[in-house]
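Engineer: One-letter residues, chain by chain:
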Amino acid sequence: MKLVVAVIRPEKVNDVLEALFRADVQGLTISRVKGHGGETERVETYRGTTVKMELSEKVRLEIGVSNHFVEPTISAIAAAARTGEVGDGKIFVLPVERIVRIRTGEVDQAAVTPVGVEPHPDRTPTAV
Amino acid sequence: MNAADTAWMLLSAALVLLMTPALAFFYGGLVRSKNALNTMMMSVSSLGFVGVAWALLGYSLSFAPGSPAVGGLSWAFLAGVGLDPGPAAATIPHLLFMAYQGTFAIVTAALISGAIVERMRFGPYLAFITLWSLLVYAPVAHWVWGGGFLATLGALDFAGGTVVHVNAGAAALVAAMVLGPRKDYARQAMLPHNVPFTILGAGLLWFGWFGFNGGSALAANKAAALAFVNSFLAPCATLLVWTLLDLARNRKATAVGAATGIVVGLVAITPAAGLVSPASALALGAIAAFPSYFAIVWRARTRLDDSLDVVAAHGLGGLVGALLTGVLAQASWGSPADGLLFGNPRQLLVQLVACLASVAWSGGVTFVLLKAIGALLPLRANPGDEGLGLDVSQHGEEAYTSGEGALLLLREPVALSPRVPVTPAVPSEVRS
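Keeping their order, the protein sequence lines are chains R and W.
My numbering applies: residue 1 is where the first sequence begins, and numbers increase by one.
My numbering applies: residue 1 is where the second sequence begins, and numbers increase by one.
Some hints here could point you the wrong way.
What the hints assert, rightly or not - Keeping only pairs whose Cα atoms sit at most 16 Å apart, straight-line, the calculated EDC-like set for lysine to aspartate or glutamate is:
1. R/52 - W/397
2. W/183 - R/15
3. R/34 - W/84
4. R/90 - R/39
5. R/52 - W/398
Calculated from the structure, these hints are not laboratory results.
Quantities reported herein were computed from a predicted structural model and do not represent experimental measurements.
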């Protein structure tokens with residue numbers, strides 16, 4: 001099991017969600033964040049005050065996936081979020097120790113398998 | 001000169017002027033937050049650009065003595081427009097009449113912006129509405145109100161159904177087609193970012209509309225009272241019907257629907273305001289809800305990205321109002337001519353001719369004007385800027401900033417006076 005964390009452009013969120021759903025990745029959490037990844041700073045002016053916006057609006061996705069879903073998830077995000085300009089974002093893949101589905105008490109792989117879907121036969125413990 | 005008339009028209013002009021910032025709130029709430037300022041600026045800047053164009057040329061082209069097609073240039077730069085009454089309104093200062101009519105030109109040009117929000121570059125937009133107010137609004141206003149050919153024909157337009165709403169609606173249709181849909185249109189849901197703004201805008205529009213319709217009597221008289229009451233009753237009926245349609249279709253009464261219903265009712269009663277009975281106003285408002293409601297539902301499924309439904313609300317609402325004026329007008333309530341229902345079927349035909357003339361001129365000239373501006377400057381923001389939002393890309397501002405990550409940029413420190421010492425922006429030593 002892995003936790004895929006992606007930081008992407010807000011205007012690409014819908015494209016990325018669409019790509020993830022096409023790849024059958026269904027469970028995710030998103031949050032609005034601010035960040036800086038080397039993109040050109042914007043200069044804004046409010047009356048006499050001129051400011052350089054160091055932080056840009058970004059959206060962070062957090063997706064807990066079973067092992068065989070890691071690659072499809074990464075490639076869906078990378079393809080849908082790319083514009084080619086600086087500031088497209090990053091994808092981080094983190095090991096996960098344990099997952100619990102609160103409603104049923106299911107753990108680990110069963111907990112990240114969508115309801116109504118047979119768990120994948122690949123049940124090998126995650127190498128951490 | 002009449003003091004009561006002058007007082008009422010002073011107030012009315014201020015009320016109509018308020019409609020433009022009200023429209024900014026109405027439209028601003030309906031777009032995504034990254035385009036909120038750009039959308040509001042499209043209305044607000046009309047105050048500056050169309051307002052100045054009106055004083056310099058627009059007023060003369062609309063109301064100065066001229067041909068049946070357009071006014072002359074004798075009142076250009078406000079020459080001869082003074083404090084004595086002018087020919088159009090015998091009891092108020094000529095200058096006040098000019099200002100009152102100017103507020104109409106400003107809001108009419110701003111109405112078009114709803115069709116092209118979230119994608120048009122701001123410079124070409126300013127050029128467009130300024131030239132539009134001179135080349136489209138001024139002639140059409142002259143045709144109907146300035147002694148032009150539609151006035152001669154006997155077209156009834158109490159406060160601007162043909163001149164303002166059908167005119168802006170036709171321009172909006174053409175502008176939406178020339179600009180093309182937003183890049184995310186029909187691919188992603190683009191939801192209103194602040195519905196309370198839209199309700200605030202609708203409320204302020206209604207308030208301002210009492211000056212728009214009530215003031216169109218150009219005097220504090222019975223016609224003003226009738227127009228005022230009808231501008232109260234018709235939107236009530238439209239709002240009621242709109243809510244029932246919402247409930248019937250979706251089992252939920254929506255707030256955006258209510259705000260839209262109010263505006264459609266106001267649009268529809270505008271040409272008829274001082275010409276029909278209050279009972280007719282209620283009927284007119286109720287009937288007007290149907291075409292606009294279903295046009296909005298239908299439009300959203302087409303490729304026509306008239307983003308804020310200017311065509312359905314103003315074009316169609318104005319058309320229905322103008323035609324129903326030809327049906328419901330009553331000489332016994334002060335109309336110069338009766339309508340179809342009161343024994344004068346010809347009036348409906350005259351109303352139709354007036355609407356067609358307005359649609360043809362407005363649509364045609366808008367097309368040529370946008371193509372001409374587009375040949376010199378790109379009309380559309382590039383896809384990257386559209387994705388980022390027009391607030392940042394066109395204005396260098398955001399509607400909702402937290403200030404996080406904003407570094408203060410200070411250029412050369414400016415001394416307020418030679419005796420005030422210049423403090424460096426960042427102290428070289430930090431005192432505890």
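Engineer: Would the hint linking residue 52 of chain R and residue 397 of chain W be met if the CA-CA limit is 16 Å?
Structural biologist: holds (11 Å)
Engineer: Within 16 Å, alpha carbon to alpha carbon, are residue 52 of chain R and residue 398 of chain W?
Structural biologist: holds (13 Å)
Engineer: Is the straight-line distance between the alpha-carbon of residue 90 of chain R and that of residue 39 of chain R 16 Å or less?
Structural biologist: With a Cα-Cα distance of about 13 Å, the restraint between residue 90 of chain R and residue 39 of chain R holds, given a limit of 16 Å.
Engineer: Holds or violated: are the alpha carbons of residue 183 of chain W and residue 15 of chain R at most 16 Å from each other?
Structural biologist: holds (12 Å)
Engineer: Given the proposed pairing of residue 34 of chain R with residue 84 of chain W, does the C-alpha separation stay at or below 16 Å?
Structural biologist: violated (61 Å)
Hint 3 from the earlier list is the only one contradicted by this structure; the remaining hints agree with it.
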